[in-house]
Amino acid sequence: MGLTRLASAYLQNQNSSSYTPIPALNTTDSDVTLIGISSNVKYIGNTTDPWFKAINQSLMLDPWSKALNRSILDLVWTASRDLSVLGCTEQYQFCSPLKRCTPLTGLYATPPAATSLGLSAHQLATFQLLWKAARSTVLQSEIALLGSDVLLAKDALCGDTGWSSRLPDRQWELEAFNMHNISLAIMQRAVVEYTSPTDIEIRPGLRSLQHIVRPTDPEALRLCGMVKIRSADHTSFRVLGLVLILVLGSGFIVLDFVLARAVGWAQTKTGWRLYKRAEWVDQSTLQLQRQALEGRGIGPWTGKDDDVPVLAGYRRTFSSTTDWSAAQAWSSAGPRGTELGVLGRQGSAQSVTPTQSSEFLLLDQRNDG
Numbered sequence: 013m014g015l016t017r018l019a020s021a022y023l024q025n026q027n028s029s030s031y032t033p034i035p036a037l038n039t040t041d042s043d044v045t046l047i048g049i050s051s052n053v054k055y056i057g058n059t060t061d062p063w064f065k066a067i068n069q070s071l072m073l074d075p076w077s078k079a080l081n082r083s084i085l086d087l088v089w090t091a092s093r094d095l096s097v098l099g100c101t102e103q104y105q106f107c108s109p110l111k112r113c114t115p116l117t118g119l120y121a122t123p124p125a126a127t128s129l130g131l132s133a134h135q136l137a138t139f140q141l142l143w144k145a146a147r148s149t150v151l152q153s154e155i156a157l158l159g160s161d162v163l164l165a166k167d168a169l170c171g172d173t174g175w176s177s178r179l180p181d182r183q184w185e186l187e188a189f190n191m192h193n194i195s196l197a198i199m200q201r202a203v204v205e206y207t208s209p210t211d212i213e214i215r216p217g218l219r220s221l222q223h224i225v226r227p228t229d230p231e232a233l234r235l236c237g238m239v240k241i242r243s244a245d246h247t248s249f250r251v252l253g254l255v256l257i258l259v260l261g262s263g264f265i266v267l268d269f270v271l272a273r274a275v276g277w278a279q280t281k282t283g284w285r286l287y288k289r290a291e292w293v294d295q296s297t298l299q300l301q302r303q304a305l306e307g308r309g310i311g312p313w314t315g316k317d318d319d320v321p322v323l324a325g326y327r328r329t330f331s332s333t334t335d336w337s338a339a340q341a342w343s344s345a346g347p348r349g350t351e352l353g354v355l356g357r358q359g360s361a362q363s364v365t366p367t368q369s370s371e372f373l374l375l376d377q378r379n380d381g
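For what it's worth, the numbering used here labels the leading residue of the sequence shown as 13, then goes sequentially.
Source of the hints: derived by calculation from the structure; they are not laboratory data. Keep in mind that a hint or two might mislead.
[As the list claims (entries may be wrong)] Restricting the straight-line Cα-Cα distance to at most 20 angstroms, the calculated cross-link-like pairs of lysine to any residue (SDA-like) are:
id	residue 1	residue 2
1	K316	L286
2	K166	D94
3	K144	P209
[As the list claims (entries may be wrong)] Okay, the calculated beta carbon distance ranges per label pair:
id	residue 1	residue 2	range
4	V259	D181	54 to 60 angstroms
5	M238	V320	53 to 59 angstroms
6	S92	S208	43 to 49 angstroms
7	N52	Y31	21 to 27 angstroms
8	L158	N52	19 to 25 angstroms
9	Y31	Q200	37 to 43 angstroms
10	L37	L218	37 to 43 angstroms
11	D181	F264	57 to 63 angstroms
12	L164	L87	21 to 27 angstroms
13	L196	L37	23 to 29 angstroms
14	T228	N193	30 to 36 angstroms
15	L218	D181	47 to 53 angstroms
Just so you know, even glycine gets a beta-carbon here, dropped at the ideal spot from N, CA and C.
Given the sequences, and given the hints that come with them, work out the whole structure.
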């Protein structure tokens with residue numbers, strides 16, 4: 013499968029045209045390109061697509077059967093025509109910020125039509141850059157560079173065996189869409205190449221940059237510093253969004269820090285709902301830990317009404333596990349036992365309240381005597 017014929021006819025440029033279209037193909041508002049393919053591919057199913065039509069049936073030897081030392085005849089479908097041609101029209105249009113546009117027409121017919129757009133010097137330089145980029149996207153250049161690799165149908169081939177799976181009935185549409193997408197990618201690349209051309213060694217002592225003609229127009233030179241593209245080495249962000257996140261986030265943090273203290277101070281001064289406040293403080297994680305430690309004789313504590321309770325003494329250590337002797341250093345009235353939760357004297361544990369740490373248990377001890 014390969015592209016064997018390629019011909020283009022351009023409006024208002026006979027020198028670049030490779031043929032003169034017959035009246036049936038001649039248009040007054042587009043360039044016409046003919047793409048011909050010849051195929052000796054053997055399809056495992058009949059293909060009715062107009063460009064890749066293969067409805068001729070024949071029996072052929074399966075190439076894989078040779079490796080198995082046996083002969084297998086398979087029914088295959090081959091191309092119905094030696095040459096199949098797809099005709100494409102190419103149209104271009106440029107618009108100005110004033111909502112003025114050139115008519116849809118051929119590539120070389122757009123520069124004369126652009127004089128009616130009322131472009132400034134900077135806009136005219138931009139138009140010339142985009143026009144040169146569009147010139148590199150014509151089908152003639154695209155297929156000359158990529159050859160038969162431009163065809164999606166090659167993906168259905170089974171290696172170099174010449175066998176292919178059946179193609180969709182509208183394969184030519186998929187091929188047209190793909191060639192159009194390739195042309196858009198080439199246009200993007202052409203704009204980047206204008207500002208940052210690739211340095212390629214053509215032959216020893218000769219590089220591609222030596223063939224670059226530097227523009228002399230000030231506006232054309234100005235464009236070299238204005239072209240921006242996405243880069244994996246950089247990240248774009250909105251300053252407004254970043255400022256809103258920082259300002260609102262900081263505001264919520266300050267509000268969370270101030271509001272609870274302001275309400276607590278007001279309740280202390282006015283006596284309003286003090287029970288609710290005491291319950292709120294006592295159920296906090298650190299206060300529950302304090303209560304568990306006090307139940308083991310570790311104390312005294314300050315800040316029992318604050319968010320963070322603190323030991324009254326400094327530089328004193330204690331154990332919160334099964335070492336009861338450390339607790340005795342704080343209070344002789346502490347519970348005694350050989351392990352956590354076991355009381356060494358007569359009594360009963362009426363309630364057990366787990367805290368955030370599984371090592372602490374709050375024991376409510378009552379003496380019978």
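Hint check results:
1. The straight-line distance between the Cα atoms of K316 and L286 is roughly 14 angstroms, inside the 20 angstroms bound, and the hint therefore holds.
2. Taking the CA atoms of K166 and D94, the gap is about 18 angstroms. The hint holds against a cut of 20 angstroms.
3. About 14 angstroms separates the Cα atoms of K144 and P209, which keeps this hinted pair within 20 angstroms; it holds.
4. Between V259 and D181 the beta carbons are some 59 angstroms apart, a value that agrees with the proposed interval 54 to 60 angstroms.
5. One distance hint, 53 to 59 angstroms for the beta-carbon pair M238 and V320, holds here, with the actual separation near 57 angstroms.
6. For S92 and S208, the Cβ-Cβ distance of about 48 angstroms falls inside the hinted range of 43 to 49 angstroms, so the restraint holds.
7. Taking the beta carbon of each, N52 and Y31 are about 26 angstroms apart, inside 21 to 27 angstroms as hinted.
8. Restraint check, L158 to N52: a C-beta distance of roughly 21 angstroms satisfies the suggested window 19 to 25 angstroms.
9. Checked against the given bound of 37 to 43 angstroms, the beta carbons of Y31 and Q200, roughly 30 angstroms apart, lie outside it.
10. The given range of 37 to 43 angstroms is respected by L37 and L218, whose C-beta atoms sit roughly 41 angstroms from each other.
11. Distance hint check for D181 and F264: the Cβ-Cβ separation is about 60 angstroms, which falls inside the suggested range of 57 to 63 angstroms.
12. For the pair L164 and L87, the supplied restraint of 21 to 27 angstroms holds, since their beta-carbon distance comes to about 25 angstroms.
13. Evaluation of the 23 to 29 angstroms hint for L196 and L37 yields a pass: the beta carbon distance comes to about 25 angstroms.
14. A hinted range of 30 to 36 angstroms for the beta carbons of T228 and N193 is consistent with their spacing of about 35 angstroms.
15. Taken as a hint, the range 47 to 53 angstroms holds for the pair L218 and D181, whose Cβ atoms sit roughly 50 angstroms apart.
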